[in-house]
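Sequences are here, hints too, so could you generate the full structure?
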Amino acid sequence: MTGPGSGLLRDAVPHARGGPGAGGAAVPDRLRAYRDDGPVVLLIGRLGWERPSPPVAVGLSLLLTAVLLAAGAGGWYAAAALAPPLAAGLTGPSARRPLEGRIDWLVPPGLRTIEYGYLAALGFAQGVAAPLVYVLLAVLAYHHYDIVYRTHQGFGAAGPLRRAGLGWDGRMLVAGLAGLAGWAGLSGALPFAYAALAVYLGVLFVGDSVAAWARTVPMSGRGAGRDAVRGGVTGHLEEEEA
Amino acid sequence: MTLAVIIATGRARGGAGPGPAAALPYPGGSAAPGDPDGPPTLLARLCDQLTTLNVPDVHVLGRPDLAPPLRAHGHFVTECADTAADLREIARLARLAWTDGRTLLLLPADLVTADEPLARLLDGAGATGATGQPGAGPPVAALTAPRGRAPARGPAPADRPYGTADARVAGRRIVAAGSADHAVAGPNALTLGALRIGAEQARAAADTAAELAGLVTPETRADAAELLLVGLVRSGTAVAAAPCGGAPCRRAADAAGVRAARSAIEDGDDAGRLAAAVKADDGFVATYAVSSYSPHIVRWAAGRDLTPAAVTGSSLALALLAAMWFSAGTRAGMLTGAVLLYLSFVLDCVDGQLARYTGRASVSGAWLDSVLDRVKEYAVYAGLAAGCAAAGGYVWALAAAALVLQVVRHMMDFSFHARTVPAPARARLTASLMAGDTPCPAVAAHRAPDGSFGLPDPAAPAGPGTPPVRRGGGRAAYWARKALVLPSGERFALIAVTAAVADARVTFIALLAWGAIAAAYTLAGRLDRAVPA
Chain F
2 MTGPGSGLLR DAVPHARGGP GAGGAAVPDR LRAYRDDGPV VLLIGRLGWE
52 RPSPPVAVGL SLLLTAVLLA AGAGGWYAAA ALAPPLAAGL TGPSARRPLE
102 GRIDWLVPPG LRTIEYGYLA ALGFAQGVAA PLVYVLLAVL AYHHYDIVYR
152 THQGFGAAGP LRRAGLGWDG RMLVAGLAGL AGWAGLSGAL PFAYAALAVY
202 LGVLFVGDSV AAWARTVPMS GRGAGRDAVR GGVTGHLEEE EA
Chain Y
25 MTLAVIIATG RARGGAGPGP AAALPYPGGS AAPGDPDGPP TLLARLCDQL
75 TTLNVPDVHV LGRPDLAPPL RAHGHFVTEC ADTAADLREI ARLARLAWTD
125 GRTLLLLPAD LVTADEPLAR LLDGAGATGA TGQPGAGPPV AALTAPRGRA
175 PARGPAPADR PYGTADARVA GRRIVAAGSA DHAVAGPNAL TLGALRIGAE
225 QARAAADTAA ELAGLVTPET RADAAELLLV GLVRSGTAVA AAPCGGAPCR
275 RAADAAGVRA ARSAIEDGDD AGRLAAAVKA DDGFVATYAV SSYSPHIVRW
325 AAGRDLTPAA VTGSSLALAL LAAMWFSAGT RAGMLTGAVL LYLSFVLDCV
375 DGQLARYTGR ASVSGAWLDS VLDRVKEYAV YAGLAAGCAA AGGYVWALAA
425 AALVLQVVRH MMDFSFHART VPAPARARLT ASLMAGDTPC PAVAAHRAPD
475 GSFGLPDPAA PAGPGTPPVR RGGGRAAYWA RKALVLPSGE RFALIAVTAA
525 VADARVTFIA LLAWGAIAAA YTLAGRLDRA VPA
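Chains as they are written, first to last, in the numbering used here: chain F, 2 to 243; chain Y, 25 to 557.
Incorrect hints may have been included.
What the hints assert, rightly or not - If you want the footprint, here are the derived chain F segments under chain Y, 3+ residues with CB under 8 Å: (1) 30–43; (2) 102–108; (3) 114–126; (4) 129–141; (5) 144–151; (6) 183–195.
Since the hints were made in silico from the structure, they are not lab data. Backbone N, C-alpha and C define an ideal beta-carbon position, used for all residues, glycine too.
And the structure:
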């Protein structure tokens with residue numbers, strides 16, 4: 002997913018441009034990086050409509066996805082395949098808006114709920130091997146924790162590989178299309194898509210982490226200054242303070 | 025600006041003939057400022073500490089027969105023949121301090137202490153006093169050390185450590201001061217002959233010292249600093265007690281005394297660093313089931329030169345082993361897995377403590393630790409689900425649900441902490457956020473002293489089991505609020521216990537139920553604050 006979208010995708014990861022600054026200006030960028038938007042959503046965002054506002058768009062998408070999944074379970078299988086494009090269409094227009102509202106911090110967890118919930122429900126309902134569903138979710142979880150920990154701790158910006166992660170919308174679209182194909186008679190399309198996504202994204206994300214580690218550690222391991230203690234290090238994000 | 029007067033009139037005991045106690049060697053210390061190649065002595069160390077505290081202007085008083093060795097070490101020494109001469113010289117310097125508006129610091133040359141007590145004694149002038157106004161504290165303060173029990177009446181036993189004098193402290197104020205020649209009724213503290221006199225009281229101190237100089241007789245055994253303190257207290261000057269707290273602080277008269285004081289300082293530094301390496305706001309399990317003894321492991325690992333990353337890796341390996349045992353699905357496998365999971369969590373706490381203790385905390389180490397914590401947790405979920413499948417059950421959907429719930433909960437936290445708060449509301453919001461659910465060490469550290477007279481007490485080390493700020497309701501409520509949000513220690517304990525005594529289905533249902541309650545609790549609290557009524 003590079004090509005004409007590469008400049009666009011750089012916008013998708015704002016901290017890759019500005020650097021992981023500690024100032025207030027970097028904060029909305031952090032939330033935007035947490036969104037993990039893909040090329041489709043960002044392309045729609047270029048239209049600049051900015052409506053509905055991000056939390057409203059995410060809330061509506063969450064509701065719509067749940068309804069369509071329930072309809073799919075109720076017999077109208079194609080309904081489930083409609084959820085990814087509709088969610089992307091709803092959240093896309095405001096994807097570039099800075100997340101500064103009082104409840105805008107609910108946007109990233111809302112998007113995670115949509116993506117993970119959709120992939121889990123679709124996989125389990127369509128008979129994808131349960132461990133495979135779990136592994137795909139675990140790979141995505143790794144990716145999303147990695148985004149947070151890296152931006153928070155200033156440990157290496159997102160590598161160029163990160164742009165190939167498809168975004169939440171891209172991954173949902175792939176799964177939805179494969180589900181549609183499976184329903185249309187192409188048996189095995191959905192399990193194959195899950196396996197392919199899990200392997201491809203797993204290699205991509207873990208490889209990106211290893212590359213970042215290899216870039217940074219030769220300096221930090223010898224106690225060099227650049228990687229030495231900084232404000233954010235001891236203040237771990239590891240724990241969930243309420 | 026401060027003017028320091030070091031009284032180097034004490035004689036060393038034992039060893040190679042009588043010499044100044046100030047010239048006792050302090051192994052590994054620094055040389056005198058005037059002679060970088062000189063030997064590390066007590067006096068040189070004290071001068072070095074004063075330089076660190078931004079007090080370069082040091083006057084050394086010595087006896088004529090003891091001054092030459094000190095001069096040979098590069099110190100500039102003012103010779104005073106006896107205690108009366110000491111007092112006259114102190115009076116002269118106090119007048120100088122008064123004229124220049126400077127603080128006078130009086131120290132014995134054989135004082136062996138960590139830096140904090142000195143810094144506290146020196147900074148006392150800006151301390152918050154009874155009125156809460158900076159600078160309202162008493163301008164005169166004396167360093168005090170804890171004293172063993174003494175009979176309330178009658179003469180105190182003469183077993184005081186070298187160089188100390190009795191005192192009685194009430195409300196952080198020295199209400200009675202003793203010396204070798206003056207007894208104190210009901211002493212409850214020791215003074216060390218270290219005094220700070222603010223510029224506004226320097227004139228009175230100068231007069232007192234001059235008056236005392238006229239009263240000294242050949243029979244007087246007390247030294248100048250002791251006498252000055254007695255004189256100030258008896259003349260009604262308010263003298264604050266500056267307690268050295270837990271920090272080692274003593275005077276040494278011989279090489280053995282220096283050794284004892286030095287090892288106390290180094291042990292104290294080490295214990296302090298170790299205590300500081302433990303995170304102050306951990307959950308109940310991490311605090312009591314791990315951090316109560318993990319500093320021993322940290323010290324051992326530091327002695328073996330283990331790196332934090334190696335400990336992180338061992339923790340990951342143990343968690344993967346636990347997942348493998350869980351995946352067997354047998355009772356023995358579940359029990360073994362639970363034990364391995366606990367050990368993995370212990371090492372998970374140790375790696376961060378080791379990094380902070382050895383000063384090797386790094387961005388990459390923190391990142392590795394955080395990411396691998398999540399890998400461990402979700403690998404264990406998978407092992408449990410696989411074990412249940414091996415035993416004929418099916419809990420993969422529950423495992424996936426537990427993973428999704430945990431990721432969403434974490435993402436809520438991360439996003440909430442990364443949000444922008446509208447500028448005018450920032451202070452209020454942050455304060456309520458901190459007070460609401462998570463203790464704020466910064467608030468605890470900067471809390472004003474209780475307003476009583478005197479200097480701020482040295483803060484107790486925030487070690488394990490010391491809840492920082494509490495919202496009320498006591499310790500039980502504090503830990504309950506922390507446990508309600510299911511922090512990782514509680515999560516690991518929940519997994520280990522339920523897996524050991526029940527099965528994976530119970531584990532996931534417990535994780536889902538507790539996690540859902542935690543999510544609802546935090547979400548409700550944050551929305552309540554984010555959306556004003």
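Take the segment 183–195 of chain F, compare each residue's beta carbon with every beta carbon of chain Y, and decide whether three or more fall closer than 8 Å.
Not satisfied, violated; 0 residues make the cut.
Is the listed coverage of the segment 114–126 of chain F by chain Y valid when you require three or more residues with a beta carbon under 8 Å from a beta carbon of that chain?
That given contact holds, which follows from 5 residues of the segment 114–126 of chain F lying within Cβ reach (below 8 Å) of chain Y.
Verdict on chain Y covering the segment 30–43 of chain F, criterion of 3 CB contacts below 8 Å
Coverage by chain Y holds here, the residue count being 3 at a Cβ distance below 8 Å.
Given coverage of the segment 129–141 of chain F by chain Y, tested with a Cβ cutoff of 8 Å and a minimum of 3 residues:
Per the Cβ count (7), the hint holds.
Count the residues of the segment 144–151 of chain F whose Cβ falls closer than 8 Å to any Cβ of chain Y, and tell me whether that reaches three.
Coverage by chain Y holds for the segment 144–151 of chain F (6 residues, Cβ < 8 Å).
According to a criterion of three or more residues whose C-beta lies within less than 8 Å of a C-beta of chain Y, is the segment 102–108 of chain F covered?
holds (count 6)
Against the hints set out earlier in the document, a violation occurs for number 6 only.
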